[in-house]
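There are 2 protein chains.
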Amino acid sequence: MVERPMIGRIPHLRQNAFYGQSGGVTAVINASACGVIEAARQQSAKIGKLFAGRNGIIGALNEDLIDTTEERNDAIAALRHTPAGAFGSCRFKLKDFEGDRRSYERLIAVCKAHDIGYFLYNGGGDSADTCIKISQFAERVGYPLRSVLIPKTIDNDLFGTDTCPGFGSVAKYVAVSTREASFDVRSMSRSSTKVFVFEVMGRHAGWIAAAGALAADENNDLPIAIVFPEIAFDSARFIARVKAMVDSYDYCTVIVSEGARRADGRFLADQGTSDAFGHKQLGGAAPVVARMLSSALGYKCHWAVADYLQRSARHVASRTDVDQAYAVGKAAVEMAIAGENAIMPAIVRTCGEPYTWTIGKVSLAHVANVEKLLPREFISADGFGITSACRAYLLPLIQGEDYPPYENGLPQFATLMNKCVPKRLEPFEL
Amino acid sequence: MVERPMIGRIPHLRQNAFYGQSGGVTAVINASACGVIEAARQQSAKIGKLFAGRNGIIGALNEDLIDTTEERNDAIAALRHTPAGAFGSCRFKLKDFEGDRRSYERLIAVCKAHDIGYFLYNGGGDSADTCIKISQFAERVGYPLRSVLIPKTIDNDLFGTDTCPGFGSVAKYVAVSTREASFDVRSMSRSSTKVFVFEVMGRHAGWIAAAGALAADENNDLPIAIVFPEIAFDSARFIARVKAMVDSYDYCTVIVSEGARRADGRFLADQGTSDAFGHKQLGGAAPVVARMLSSALGYKCHWAVADYLQRSARHVASRTDVDQAYAVGKAAVEMAIAGENAIMPAIVRTCGEPYTWTIGKVSLAHVANVEKLLPREFISADGFGITSACRAYLLPLIQGEDYPPYENGLPQFATLMNKCVPKRLEPFEL
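Keeping their order, the protein sequence lines are chains R and D.
First residue of the first sequence? That's 0 in numbering that gives the first Met the number 0, and the numbers climb one at a time after it.
First residue of the second sequence? That's 0 in numbering that gives the first Met the number 0, and the numbers climb one at a time after it.
In short, the hints are calculated from the structure, not lab data.
Note that this is a predicted model, so its numbers are computed, not measured.
Take these hints with a grain of salt, some might be off.
To be verified - Calculated cross-link-like contacts (lysine-lysine; reagent style DSS-like; alpha-carbon spacing at most 25 Å):
hint, chain 1, residue 1, chain 2, residue 2
1, R, K92, R, K371
2, R, K45, R, K299
3, R, K94, R, K371
4, R, K45, R, K422
5, D, K94, D, K371
6, D, K45, D, K360
7, D, K94, R, K299
8, R, K94, R, K111
9, D, K418, D, K111
10, D, K299, R, K94
11, D, K299, R, K92
12, D, K45, R, K299
What the hints assert, rightly or not - Simulated coverage check for chain R against chain D, where a stretch passes if three residues somewhere in it have a Cβ under 8 Å from a Cβ of chain D:
hint, segment
13, 309-318
14, 407-421
Yeah, the Cβ is synthetic: ideal placement off N, Cα and C, and Gly gets one too.
For reference, chain R alone in the conformation it holds in the complex (with noise of 0.2 Å):
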């Protein structure tokens, strides 16, 4: 294939794309940008080079654009199984044309400076946000960029897609992690540990605390409260919740949501302090928790937060989520490349049981700044466990294992060279 020369706002056959990494990693967003350099390599006729933003948006804004095709074919292929961002990822966010305009005309500039008709964006409802933000001003500028939100999230709070890829793996971490902590908790009942308080993420969605449920099943018969954000936290009851497991068991383990709140709109672990997207960073309700507990209870109660640890698992990935994240990724791809705009491939269940299913896309504006949180009808009666509905929509999501590769006692992950690309215009001051 013989490159063309730029021809100014005309789309041409061959251009070059820009990939970036937003918001918290996972396990599996290095498998999607995978995806990404794979499908680009394979679509050499139409696209040029894919550059990756160094540290998301925040890499287009300053110019920092990681040359990938730098990169050897062994190096993209072991960023499958590479947890975290590998390009490195950000938190920041675009203001509306009217309050930031300078930020969405250097974007246009370093886009037109490097050939970019393609924008693809490996985010949450943040990043669709900015998805549709950045081709609603392309457009009215007049240039022709093709953008593609990548789905990406542990919290599974993105609307328009059946799972995001990212939390299949935080919820077989959480799930596992579960049944370890409730077997170790049952062995230390008689004389030491009555409660296991185990703390994970998600700040306004349940989903991750309802993981740890698929801990208990047919075979394992293990007693597990759940404290969810979208049922107010009832201190009374959560108690007496918590003795009658513990009466009947002798233990239980306890899953709380980072996310979880009182009936005022309090969390219960409010560290006061928050992220460039504003949102409150949080911490903490395990041992707030566990005090309760010892306090109301007299029992003796252990607790753990997760924090990091269950995002970057990725020595007990999903392989489901593995298989999507990588397929979101290629479509992606294919997607921009079809002259699709403001759009997301979406991971479509077409059959719960046996569990099957494929790729479809979904307009952006239905996507951005909406969040889906877990539906009462997945939560018990009760308030504290989850519904056979919820079972039968998590399980599949957890299938599979897809180990990385071990030397020496620890998995191998990769690291990439990272080279940017030569500047082309003036810096630029965020």
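Position chain D relative to chain R; hints supplied.
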């Protein structure tokens, strides 16, 4: 083999054995149980029934003796990949003869009533003490009892053995998790979190914390600072060390031992409660450290507390650790029937590189109530890292993976029937 009648206090050819699990459980204590039970089944000429105490020594005192001969071979084999204590463990320390002669007399009465000639106890330093006392009391009252300690503790602080089963797997969990979480924070540092603080167990000894350093190697240049319990915590020096790492890498990972303490002996985090052995119940050093760094340096910090997750993480166990746990269980039975008493099978490192090991034995008098701390020469000069000698010691212990079988996305662990034999004595008040 014809079963001989019990003939008073003269040891006869075939006697029953008692096995108990003690103290905090691990990912591989059941692998030791598997070794004990499978060896006992092979030695049916010498060992009649193997009883397991329900909740360790408490089961012996209460005459709650689980008949392990009722369990199927495949269930026993599955113990090898099942975390936690399949028969229940306990935190229960016998007093001296003088303080609690009643309990010792009861133990001997239970042994007599059930023709128990072997006392196999699976625990750490406190359990070594229990084994010795029981052995001494049996000798004093003329009851022939062979007492063997099967080493177990995640803390690796047991004297007389190169390493202690349970430690290798928690070390692997900590090394793997540290590598994964370091990749995560590295991705986020440009616009979000700079420091990830990871609290691990280790009340007095820094072995577990040291394992976090294995996450970095020649292929993984990751900045990691460790807060050891052996080094008095100096906040100014610590803050300066973290700042230097962040200045140079833009991020860092801090591993903090739950037992980290200041120069005056105060723990960084003291929850104010104690367990049945009189040890303080710790937890919460990570949030203390994270707040300290945020406040002193203005960094956004995330923190995790692994607690039970680390010691029950059978899904990422070290194959070396599993093999050693099984081997000491098997050896304990063989030593007991060979007539050994007040002894412990120990891991002996026969070669460092390539790593080879064998089973030796050590008198419990050398083991009881001694703590093996991390030697100063294993800690780097600045007090925040490990030396190459420490790395050479640790690395063999995390070698090899030993995944449990998965079904339906989850690891399949054994839950035994745990049927007790009929009681022959009056109830005993603990």
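Violated constraints from the hint list, given by number and in increasing order: 2, 12
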